[in-house]
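Residue-level listing of the chains:
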Amino acid sequence: MSTTARTPTCPTRPVADPASERVLRTLVLGLGNPLLTDDSVGLRVVDRLRPALDGWPGLELAEDYWGGLRLMERLVGYDRAIIIDAQCSGAPPGTVSTLPADAPPTRHGNSAHDVDLWTALEFGRQAGAAVPTASSIRIVAIEAADVDTFGEECTPAVAAGIPRAAEAVQSLLIEWR
Amino acid sequence: MTTQRISIDPITRLEGHGKIDIFLTPKGDVAETYLQIPELRGFERFCVGRLAEDMPNLTSRICGVCPEAHHIAGTKALDALFHIDPPPTAKKLREMFYCIFYATDHTTHFYALGGPDFIMGPDAPPEQRNILGVIQKVGMEITGKVLKMRRDGHNLIEMIGGRKVHPNWGLPGGVSRGITEEQRKEIESLGRDAIEFAKFSLQLFNQIVLGNREYVQLITSEAYTHRTYNMGTVDANNCVNFYDGLIRVVGPDGREHAKYRAKDYRDYIAEYVEPWTYLKFPFLKKIGWKGFVDGEDSGLYKATPLSRLNAADGMATPLAQKEYDRMYETLGGKPVHHTLATHWARLIELLYATERWVELATDPEITGQEYRVLPTATPDEGVGCVEAPRGTLTHHYWTDERGVLTRVNLIVGTTNNYAAINLSIKQAARTLIRKGTTVTEGLLNKIEMAFRAYDPCFGCATHYLPGHMPLTVILRDPDGRVLQTISREAPRAS
Chain E
4 MSTTARTPTC PTRPVADPAS ERVLRTLVLG LGNPLLTDDS VGLRVVDRLR
54 PALDGWPGLE LAEDYWGGLR LMERLVGYDR AIIIDAQCSG APPGTVSTLP
104 ADAPPTRHGN SAHDVDLWTA LEFGRQAGAA VPTASSIRIV AIEAADVDTF
154 GEECTPAVAA GIPRAAEAVQ SLLIEWR
Chain L
-18 MTTQRISIDP ITRLEGHGKI DIFLTPKGDV AETYLQIPEL RGFERFCVGR
32 LAEDMPNLTS RICGVCPEAH HIAGTKALDA LFHIDPPPTA KKLREMFYCI
82 FYATDHTTHF YALGGPDFIM GPDAPPEQRN ILGVIQKVGM EITGKVLKMR
132 RDGHNLIEMI GGRKVHPNWG LPGGVSRGIT EEQRKEIESL GRDAIEFAKF
182 SLQLFNQIVL GNREYVQLIT SEAYTHRTYN MGTVDANNCV NFYDGLIRVV
232 GPDGREHAKY RAKDYRDYIA EYVEPWTYLK FPFLKKIGWK GFVDGEDSGL
282 YKATPLSRLN AADGMATPLA QKEYDRMYET LGGKPVHHTL ATHWARLIEL
332 LYATERWVEL ATDPEITGQE YRVLPTATPD EGVGCVEAPR GTLTHHYWTD
382 ERGVLTRVNL IVGTTNNYAA INLSIKQAAR TLIRKGTTVT EGLLNKIEMA
432 FRAYDPCFGC ATHYLPGHMP LTVILRDPDG RVLQTISREA PRAS
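Note that the protein sequences, when read in sequence, are chains E and L. Using the working numbering, you'd call the opening residue of the first sequence number 4 and step up by one each time. Using the working numbering, you'd call the opening residue of the second sequence number -18 and step up by one each time.
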């Protein structure tokens, strides 16, 4: 299994919406908690992507720490989004999955103080917020082993998944190009 | 009533789900209930050896729900650690910042979490019992108001605190920066908008909840009532204050049991350990731990928005005081022991937070340039307390002479309520599940309402919380055999 990230070919021209010629804005957002071991993996994938995606037209790389309503508010103004987050679905740690926006929640997809992402997006749309459509959002999820212990490093299997997650993000961007 | 003793092993890790075990008697009534949730581990080990001055930023990252509360509590603990008293401008800035956070937080809870149960009804299908159902029922106007409140609050928190979500601002002896007159005007203007929004929210509650006899009966029903001690922070006039004051505890009859400074909390609060959970149960030391029972002989207490109103003699702002009086008149006087009335109290606190926000924004000292004094004393030990939206939050740090942490203790808001939450679940389950009852999703939701009123935040930053999170309820017979398992994933709007 390759552990080196492919370097994507940056488009020479901005990616534009054919109907309006407007440059499409894409957000690549890593979610996580930097103090909770594998819960930081989304943030680390973004770190790894920064040099590879420098100069990609219309693209913003960012980190955040929230799901639900605040995540929806973060997506306002973008045409497309890739959210990178830890997941606890029972798969082997380090497994990388690419999911639609209405997939079962990731770590930050839901909480008792918030709503799930799908509901939040619908709420935003009904409020007139310019959020991406559900079909324009993808989640790159990395299976976590430990999200309950304080620590500043990922567990080894999850750390090994970081390059694969970065590749998955890049593949999506190329597919959308 | 006899049941076999069942051992619930906390070493069996909860795999991301909250779990309620309900044990039935041979007759089919509820004997006992046990709420278990995953707990975050290793916090103290993580902190020891770090600089105490990092704690306001570190602890704000523990909690994905109220980072501002940890930031301010941590900052106050640093004040105590370094034996320094911040100047008035700094205290007022901190309190104003905190009131803005409170307004945003309480708004989110009511409209996204607690409100749907009443506005849609507790028996409504789960896919309707959320913020989208609320919009459909009460109209689109509310959508814009909620989003504006949140947007304004987050923007102001970033303006004042230096960063959205995790402020970068509190220091021992003050804060890292003040505000300009231009910023002050914006804060004041948005605060006045927020007052109108809070008034609107209370009108909505009045119309939809209090105007519905069924809901009022639900609120005052025995399923959601138990008589405990109540805790909250009060100012010099015994009015509710979120940022600072003395911690006051009143008994089930409303009489004052204790009033103490934050640094003396260990003289009043101890923690009980049960074998079936990692979490500890704080209780009132002088009364003692008597188990999951209420009454004046039980040291079990609550620290919720309703508790704060019960523990105080009133609110410090005029509009909130009127609503305070109205709530107690409606519910038969003080103290109120109906858990679901916590939602009402939360809206009264929302109104107070917005009024206090504007009071502070129009204070002549708020734009002062003296917003920090430098500490000179050697650090050793310090306690900082604030009222987190979910309860009294305590940060306690011990350091060496360099300010390096040697020990840390946190009591987060919901920890105060863990025993009461277990009691509330048991109360609701015992009332709602009797012999022959078919346990349905709606009934499950009514049990969940018992603890959703607390707006619980058990582990901080854990998103595996009961409520709209994956939750499993297991009904067992007296021998522990599983009779029925109701598991639900996070609901989604249809």
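Think of the hints as simulated: they come from the structure by calculation, not from any bench. A couple of the hints might just be wrong.
[Said to hold, decoys possible] Just the calculated beta-carbon pair ranges, DEER-fashion: (1) E/G80 <-> L/P256: 47 to 55 angstroms; (2) E/E63 <-> L/D278: 57 to 65 angstroms; (3) E/G131 <-> L/D10: 49 to 57 angstroms.
Built from N, CA and C at the ideal position, the CB exists for glycine as well.
Practice task
Check each numbered hint from earlier against the structure, then list the numbers of those it violates in ascending order.
Solution key: none
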